[in-house]
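Chains as they are written, first to last, in this note's numbering: chain A, 1 to 434; chain B, 1 to 278.
No false leads were slipped in.
Cβ-to-Cβ under 8 Å is the rule here; a few derived chain A residues that face chain B: (1) ARG231; (2) GLY235; (3) LEU236; (4) ARG297; (5) TYR303; (6) GLY307; (7) ALA311.
Counterexamples of contact, computed for chain A against chain B with all Cβ distances above 12 Å: (8) ARG42; (9) TRP44; (10) VAL48; (11) GLN70; (12) HIS74; (13) LEU126; (14) GLY161; (15) THR188; (16) ASN197; (17) ALA208; (18) TRP210; (19) LEU219; (20) PRO240; (21) GLY284; (22) ALA416.
No lab work stands behind these hints, which were simulated from the structure alone. No experiment lies behind these values; they were computed from the predicted model shown. Yeah, the Cβ is synthetic: ideal placement off N, Cα and C, and Gly gets one too.
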Amino acid sequence: MADTEQTTQTSPGAEDEPAEIARLAALTATPVAVDSFADYARGWWTRVRSGDTGSLPVVIGLIILSIIFQSQNHHFLTARNLTNLIPQGAEYMLLALGIIFVLLLGEIDLSVGFVGYLGGIIMAELLKGPHAHSWWIACLACIGVTTAIGIVQGLFITILGLPSFIVTLAGYLGWQGVALLILGNGGTVPIQNHVVNDFAGGELTPTAGWIVAIVGSLLFAGVTLFGAERRRRSGLAVPPRSLTLFKIGLVAAAAIVVTIICNRNRGAAIAVRGIPWVALIIVGALALWTFVLTKLRFGRYVYAVGGNAEAARRAGVNLVVVRTTVFGIAGLMAGVAGIVAASRLESVSTSSDGGTAVLYCIAAAVIGGTSLFGGRGKAMHALLGGLVIAAIYNGMGLLGLSSGTQYVVTALVLLAAVAVDAVARRGRANAGVV
Amino acid sequence: MTQTASDTAPAGAPSGTPLLQLEGIRKRFGAVEVLRGVDLTLRSGQVTALVGDNGAGKSTLIKAVAGIYTIDDGRMLWEGRHVTVHNPKDAAALGIEVVYQDLALADNLDVVQNMFLGRERRRGLLLDEDSMEKSAGETLASLQVTTVRSVRQPVASLSGGQRQSVAVAKAVMWNSKLVILDEPTAALGVSQTRQVLDLVKRLGERGLAVLIVSHNLNDVFEVADRIAVLRLGEMVADVARGDVDSQSVVELMTTGRSDRLTADGPAPTSSAASREDA
Ligand SMILES: Nc1ncnc2c1ncn2[C@@H]1O[C@H](COP(=O)(O)OP(=O)(O)O)[C@@H](O)[C@H]1O
Ligand SMILES: [Mg+2]
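Isolated chain A, as found in the complex:
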């Protein structure tokens, strides 16, 4: 690797003695000397064995689930069924993306399921009748209301110091009640707007899908290479280029595989092919919140408040603003999830179940690897955990198992995920890692 130039880049003030350079080099990231791919892989494996498992358990879990379902029903791994997984898991993934912020603070939000449900109803009402509003006004109204609800609940929690469990439990009950009042007894509001229905039911043309996959992969590659290059120029330790290329290759391969699968014809009578719109919504939300958590000061403060609120406060972090904003984000994502859920059913009705949705989305976040105790989690966990939930739901359906069995299996997977995390945490404690 071209790491030699690092030695010319030490601090301007420091004498350029080798000892000084060695000290600086030793301080920055992983030791500079360790720069082969194999060394990196070995370091990763050591971390995994000491309990810093990252996303490994959930990926292994997904593979095991796939093997089990595929062995029982060979339709599970067909293009058609795999493409179905995306809209099926979408609501949980989108909710979980918001919930992860709340969990990072060590708080909980039980209301998001019904807040999203209420948002979907507001949208459907605005799209109803001869004086229907345009789709984007309806969607903005939905998201605006759900975000405002999140902020108001957040203010109760931060300003009055009420426990988030109680405030959002009140939200769980209250917003469900408001939703039912709007819908009336046994009410159903169908959605006829094509744009809205396409969010969950429509797809890109195969060509557009390829363009998105290629542009997305190139963007990822550019950002990753640019970041590594800048670190190299600042004289900081960089991972080996082979590792960087491996990561880029992995993302590109995933994009290509998903595109190929989605572009296969999955229709029965008429041809249906292409990446579902909702996949783009999910990937876009994932990219947005990953960016917020890792690149913005606000994201750093979310981790800091979750890790040690007192330390954050003493460092001058405004806890009220951070906490309230986080509940606002949970509300916002509830709105997005509510739109997608309504779009998938092409209606809203009193039979929708915001209660299961919130429990599933919390389960998704935890299965994905986010800690309930605050400070540890990533946006990506929403996607991985949501996929697990969707796979169980979908696979059980294929096997013709009852919803009773589904609940039991989901419960076992959730317990397994938390148990794996707890065991890993013990490993981490012994190894002295968070």
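Based on these hints, arrange chain B with the ligands on the given structure of chain A.
Quick look at chain B with the ligands alone, frame taken from chain A:
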């Protein structure tokens, strides 16, 4: 305040003017008056040890200076000017940094993230990780903190001495003029204590004013230029290290008086800056 003593500080405040003067600081929690008119003078380049029994009010005094608690009465002069500190940001803006007894590091964040917490460098809206990582590494190197292997490891994986070193390094990163350490060695073993004491001495040599709270009189006599004794919320002595021995400090801490001190001069509380090493 008398201005007779010549200022030996290598850098910092204009000669003669103390960096920080506390006059008649009072603080009560409910019915209990924890600080009862405390005076204290801190100068650049000096390490002042604040000693006193458990519950004497040392931590409370520090938190008052740091803006965590608002004082009920008294004045604070910073470089001769009257100032009020309403919150930690005000204190930081003056150049006051505190290393708290309970460390105030977030375990889940890495060394760089902790050192810059609340003052992240940005490039536009984005965090400038590279520049922060570089500066953190340089600060640790300049303080000769060599035991921290990587500045990108989470603080939870550090030993007690390493954590304390990171907390101190965090405090000196900000062109700070006064660094306050609350019991920095309380939880540390022998060699780790040595690391931290060496670090404290280096801060004084750099021209910073240092206020260190400690129970351990051996530590105090090793690093301090001046020793201030707090007892039941009152400052019973503020003397140069050379004017006292550890036995008289113990007497001051427990009874508020020491015969050896009062024998050869005025009441020690009038901190007339009688520095032997001046
Ligand atoms: N936040 C508080 N509320 C009420 N009493 C307090 C508070 N903080 C400290 N005290 C009381 O003030 C006294 C001095 O405490 P402290 O400053 O922590 O002492 P030290 O650090 O010298 O051991 C103790 O009696 C303690 O119980
Ligand atoms: Mg104390």
